[in-house]
Amino acid sequence: MSNRLPTAAQRRRHALISAWRGMDGGPILDVPLKSVADLIGPIVAQAGIGDRMKLEEVLGAWKEIVGDFLYQHSRPDSIQRGVLMVRVLQPTVHHALMMERPRILKRLKETLKNSGIKDVRLKHG
215 MSNRLPTAAQ RRRHALISAW RGMDGGPILD VPLKSVADLI GPIVAQAGIG DRMKLEEVLG
275 AWKEIVGDFL YQHSRPDSIQ RGVLMVRVLQ PTVHHALMME RPRILKRLKE TLKNSGIKDV
335 RLKHG
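With this note's numbering, the residue at position 76 of the sequence shown is 290, and numbering never jumps.
Hints are computed from structural coordinates only; laboratory data are not their basis. Take the hints with a grain of salt, since some may be wrong.
Said to hold, decoys possible - When the alpha-carbon atoms are kept at most 27 Å apart in a straight line, the in silico DSSO-like pairs for lysine-lysine are as follows:
id, residue 1, residue 2
1, K320, K248
2, K248, K277
3, K268, K332
4, K268, K337
5, K337, K248
6, K327, K337
7, K332, K277
8, K323, K248
9, K248, K332
10, K277, K323
11, K323, K337
12, K332, K320
13, K277, K327
14, K337, K320
15, K268, K248
Input sequences plus hints: build the corresponding full structure.
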């Protein structure tokens, strides 16, 4: 939060608006300014899009994490309570990802340190 005080122009504007509305000067000028960084966290939490933002980060790194072939046949689908759900197209890809699951989880944690992913689950479809 910033401790900036209002400028003379802001004070005049506030006084004019207060007079027009018929109210006292009030503490409006004493409210500290907030930066955008202070507001983003609560807005994301209130809108419930935190997991979707994490999923976008995973989608961006998925090809690098699993390689070209597995990337073409699988897609991260959702993140629910720290579990990444991955949709696969074929049983052979499912098996390959199951065998690589510990390595994929390790690479996810290394690449996306603040993603909060604890497990990877696979589903057909």
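Consistency of the hints with the structure:
1. K320 with K248: violated (37 Å)
2. K248 with K277: violated (38 Å)
3. K268 with K332: holds (13 Å)
4. K268 with K337: Holds. K268 to K337 sits at ~19 Å (cutoff 27 Å).
5. K337 with K248: violated (44 Å)
6. K327 with K337: holds (24 Å)
7. K332 with K277: Roughly 19 Å between the alpha carbons, so the hint for K332 and K277 holds.
8. K323 with K248: With a Cα-Cα distance of about 32 Å, the restraint between K323 and K248 is violated, given a limit of 27 Å.
9. K248 with K332: This hinted pair is violated, its Cα atoms lying about 34 Å apart.
10. K277 with K323: holds (15 Å)
11. K323 with K337: The hint holds at about 21 Å.
12. K332 with K320: holds (10 Å)
13. K277 with K327: holds (17 Å)
14. K337 with K320: holds (20 Å)
15. K268 with K248: holds (25 Å)
When the structure is compared with the earlier hints, violations turn up for hints 1, 2, 5, 8, 9 and for no others.
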